[in-house]
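Trainee: The chain contents come next:
Number of protein chains: 2
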Amino acid sequence: MSEFAERMKTMEKSAKIIRNLFGAMNDPNIISFSGGAPAKEALPIDIVREITNDVMRVEKRGVEALQYGNVMGLPDLREVVVRDLLAPKGVQAKADNILITTGGLEGMNLLCQLFINPGDVILVESPTFVHCVEIFEMFQAKCVAVEMDDNGMVPEDLEEKIRKHDPKIVYVIPTFHNPTGKTLSLERRKKIAELGSQYDVIILEDDPYRDIRYSGTDLKPIKAFDQTGHTILANSFSKIFSPGSRLGYVLASDEITAKLFDAKTATNSHTSMLPQVICAEFFKRGYYPAHHKMICDLYRERRDAMIECIDSFFPEGTKRIFPDGGLFTWAELPGGINTTDLLVESTSNPNVKVAYVAGEGFFIEGGGKGNNCMRLSFGGVSPEKIRIGMERLGNLICPMVR
Amino acid sequence: MSEFAERMKTMEKSAKIIRNLFGAMNDPNIISFSGGAPAKEALPIDIVREITNDVMRVEKRGVEALQYGNVMGLPDLREVVVRDLLAPKGVQAKADNILITTGGLEGMNLLCQLFINPGDVILVESPTFVHCVEIFEMFQAKCVAVEMDDNGMVPEDLEEKIRKHDPKIVYVIPTFHNPTGKTLSLERRKKIAELGSQYDVIILEDDPYRDIRYSGTDLKPIKAFDQTGHTILANSFSKIFSPGSRLGYVLASDEITAKLFDAKTATNSHTSMLPQVICAEFFKRGYYPAHHKMICDLYRERRDAMIECIDSFFPEGTKRIFPDGGLFTWAELPGGINTTDLLVESTSNPNVKVAYVAGEGFFIEGGGKGNNCMRLSFGGVSPEKIRIGMERLGNLICPMVR
Chain A
1 MSEFAERMKT
11 MEKSAKIIRN
21 LFGAMNDPNI
31 ISFSGGAPAK
41 EALPIDIVRE
51 ITNDVMRVEK
61 RGVEALQYGN
71 VMGLPDLREV
81 VVRDLLAPKG
91 VQAKADNILI
101 TTGGLEGMNL
111 LCQLFINPGD
121 VILVESPTFV
131 HCVEIFEMFQ
141 AKCVAVEMDD
151 NGMVPEDLEE
161 KIRKHDPKIV
171 YVIPTFHNPT
181 GKTLSLERRK
191 KIAELGSQYD
201 VIILEDDPYR
211 DIRYSGTDLK
221 PIKAFDQTGH
231 TILANSFSKI
241 FSPGSRLGYV
251 LASDEITAKL
261 FDAKTATNSH
271 TSMLPQVICA
281 EFFKRGYYPA
291 HHKMICDLYR
301 ERRDAMIECI
311 DSFFPEGTKR
321 IFPDGGLFTW
331 AELPGGINTT
341 DLLVESTSNP
351 NVKVAYVAGE
361 GFFIEGGGKG
371 NNCMRLSFGG
381 VSPEKIRIGM
391 ERLGNLICPM
401 VR
Chain B
403 MSEFAERMKT
413 MEKSAKIIRN
423 LFGAMNDPNI
433 ISFSGGAPAK
443 EALPIDIVRE
453 ITNDVMRVEK
463 RGVEALQYGN
473 VMGLPDLREV
483 VVRDLLAPKG
493 VQAKADNILI
503 TTGGLEGMNL
513 LCQLFINPGD
523 VILVESPTFV
533 HCVEIFEMFQ
543 AKCVAVEMDD
553 NGMVPEDLEE
563 KIRKHDPKIV
573 YVIPTFHNPT
583 GKTLSLERRK
593 KIAELGSQYD
603 VIILEDDPYR
613 DIRYSGTDLK
623 PIKAFDQTGH
633 TILANSFSKI
643 FSPGSRLGYV
653 LASDEITAKL
663 FDAKTATNSH
673 TSMLPQVICA
683 EFFKRGYYPA
693 HHKMICDLYR
703 ERRDAMIECI
713 DSFFPEGTKR
723 IFPDGGLFTW
733 AELPGGINTT
743 DLLVESTSNP
753 NVKVAYVAGE
763 GFFIEGGGKG
773 NNCMRLSFGG
783 VSPEKIRIGM
793 ERLGNLICPM
803 VR
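Quick note, the sequences are listed as chains A and B, same order.
If you're matching positions, the first sequence starts at 1 in this note's numbering and goes up one per residue.
If you're matching positions, the second sequence starts at 403 in this note's numbering and goes up one per residue.
Warning: the hint list may mix true and false statements.
[What the hints assert, rightly or not] List of simulated lysine-lysine pairs, BS3-like, C-alpha gap at most 27 Å:
id	chain 1	residue 1	chain 2	residue 2
1	B	721	B	755
2	A	142	B	411
3	B	686	A	40
4	A	142	B	544
5	B	593	B	622
6	A	353	B	462
7	A	9	B	411
8	A	9	B	544
9	B	462	B	496
10	B	418	A	94
11	A	293	B	462
12	B	491	B	695
13	A	60	B	695
Worth flagging that the hints you see were computed from the coordinates, not collected in a lab.
Chain A on its own, in the form it takes in the complex (with noise of 0.2 Å):
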C-alpha cells in the first residue's frame, strides 16, 4: 500500500492520547470527569426546534439554509459575532475580518495552513490542551513549551522562548485554561499582545471558555490589546450553543482574512448553513442572555460541588486551582501518586468506576511531568454524580499517599 506522509507519523503519539480520551467518554457506566463536554441541559434543544420550525418556513431561508453559502460564512452570523461576542468584550472588528469555522478548533488547523511548514516552532503552555499539539504536529511543527504560573503563561519565559527559538505562532488559552481552569491576568494579556508586535509572531488566542464565567471580574481578550494585527483570536460557539453544531470564528487581519479564505475552500469550501442559520436565529431573536445565565447557574453550582468535593475527598496536601468559570479544575496530588497507573485501578476497581484525565498527556515536555496531575471536568455531572464520584476517588486515592 502507499506510504502514509510524514505527518501521520509526527502526529502519532498525540493522536493515540486523543484516541484513548474518545474512547473513555463512551463507557456508560463510568462518572465521567474526562470529556470536555458540555451538559445535556445546556444544550438549547427546544428553541432549535422552534427556530428550525420558523425559518424553514420562508422559502429565501429554507433555500439559505440547504444550498451552498458563502466560504467565510454567514453574514447574519459573522454580525453576530462582531456585535453581540466581541464588542461587549472591548474588541472591535468588521464582520468582514470573521471567517465562520467547522468548530472552533477548525481556526487552529486552518492556522497552520498559513503559517506552518514543516520543523517551524509553536510555542505552548506547559501543559496545553493535547487536542490542538495534535493539529500542530500533524503540520509537523515543533512544540516548544513555556512555563506557567497561577496568572497562566509567564511572559518572561514567553520573551526567552521567543528569541531562543524564533517561532511562527504562539499558542495561548488565556480564560479558564484547558487543562489546569487558570487565567492569564490583564497585565499579562496586555504584554503577550506586545510580544507579538515587537517580536513579530503571530498570537493564536484560543478563548473558548471566555464567555462562561462564573465568578471574578471579565478580562479583555489579548486581542482588545493588539495594535498591529500580530493577535488571531480562534473561538467557539461549542460551549454557549451548542458543540455538535460545530460552529467557530476567527478574527485575523485583512491579510490573514483573505488567506484563511483560501484555505477554508481547500478544506470544505465552507461551514455547514443550517446550524449557522439556527445559531444566528438563536442570538438575533435573543435568545442568549437567558440562556447564557441558565447555563452560568448550572455550571456555577457544579464548580461549587467539585471544588467543595476535592477539599473534602481528596488528600491532605492537594492543589487545585479554583476557576472561575469554564469546564475544568486541575488538581495535583501530594505523596508520589501516578495519575496514569490510577486511572487504570479508578476506572476498573468496581468500587470507583471514575474517570478524569492523568495529567501528563497535556505536558509535550514528556519526562513524568505532571504525572501526579489531573484535569477534572464538572461541566457533564450533576452535583450528586460530582459528590459521588469524587467520594470514591477520594477513598482510592487517600490510603494511597506515602
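Given chain A's structure and the hints, the job is docking chain B onto it.
Mentor: For chain B alone, kept in the frame of chain A given last:
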C-alpha cells in the same frame, strides 16, 4: 508579519481561479451557467423542517443532534450510506469503513493529509475539477494530467504516466465528470481498479454525480472492482440531499480508515451533527426514492433544454457532450474563439449577461489548452432561462466565428 507557509504559494494559481468562480456566482442580474449548485427546487426544505420538528421533540435525539458526536460520523448515517447508497450500486461495505466528512471535498483534503508529502505526484484527468487541484496544490502535490477521450480517462496513458511519475494518488471523477459531463466506460473502470492494485497506487474515485442519472445504464463504481483496497471512494450528499449541509463520505480500507480518524480529529473533530441526524432520517423514513425521482425529472428537462439550445444556437462545428446525468455539459467552440476573452464580453454586454466557466482553468497543463471550451451548468437554471441565456450567448458567438 510572519511569513506564510510554502503551501500558500503553490496553491495561489488555482485559488485565484476558484475565487473568480465564487465571485461570478453572486451577480443576480446574470443568467449563470457557471456554478455547480443544485437547483433550489431540488432542496428538501419541507422535509427538513418536518424531520427537525419531530426529532427535536425526543430529548435523546435532541442531545444527539447538539452534543459532541463520533469522529467517524453518526452511526445511523454511516449505515444509510452502506445500505441505501453503496449496496444498490454493487459495493459491499461495512459501516466501520465509512467516514462522514464535511462535504465531499473534505474527503480529498483528508486523503491528502494521509498520503501527500510535498512533491508527491497526483495524476488527474485532463481537464479536471479545479477545486480539487487547489486542494492538491495546498498539499504541494505535483499534479500531472492524464488524457481523456469520450469514454473518460484513457487507461493506456494512465499506465504510462504511473510508470513514469510513480504517483501516490490517481484522482478520477468517473461519472458525469466535472467539467465535461463524460462517463468512464465499464471496462475502463475495471482496468483502472486493476492498475491501482498492480502498481500499488491509490485510486481516488470522486463520484458526487453518480446518483443523478437521467438516461443510459447505471455503471458500478470503480470501487466495486477493487480487490486490494487500493481504491478509495469519496462521495457527497450535496447533489441528492443538500449542498449547504456539507455532508459527504469516504469508503476506505481498515488501515486507511484508522488514519482518517486521526486526520479528521485534527481537522474539525467531527462533522456537524444536526445535518447528519436530519439526513439519516431523510433516508430512514423513506423520503429518498420520491425525492430522487423528482430531482432527476427536473434535471433531465434542463439537460435536454441545454443540449437542444447548443445544437440550435451555437455555431456549426461546435462539439458538445451529451451527459447521461450530473449538472454539466462541455462545449468546444470552432473558429478560434477564446472563451476566457468571450466571458468578459458575455457577462458585461447588457444584451447578453450570461456566465459560464471558461475551459482553460480546468487544464493543469496550461499553454492555452481548452481556451476554446466552456463548462455549461444546467442544474440551477429553469428551461425557460436556459433558452433565453443560450440564445443570447449563441447570438454573441456566431458572428465571431472566423
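Trainee: Which hint numbers does the structure go against, in order from smallest to largest?
Mentor: none
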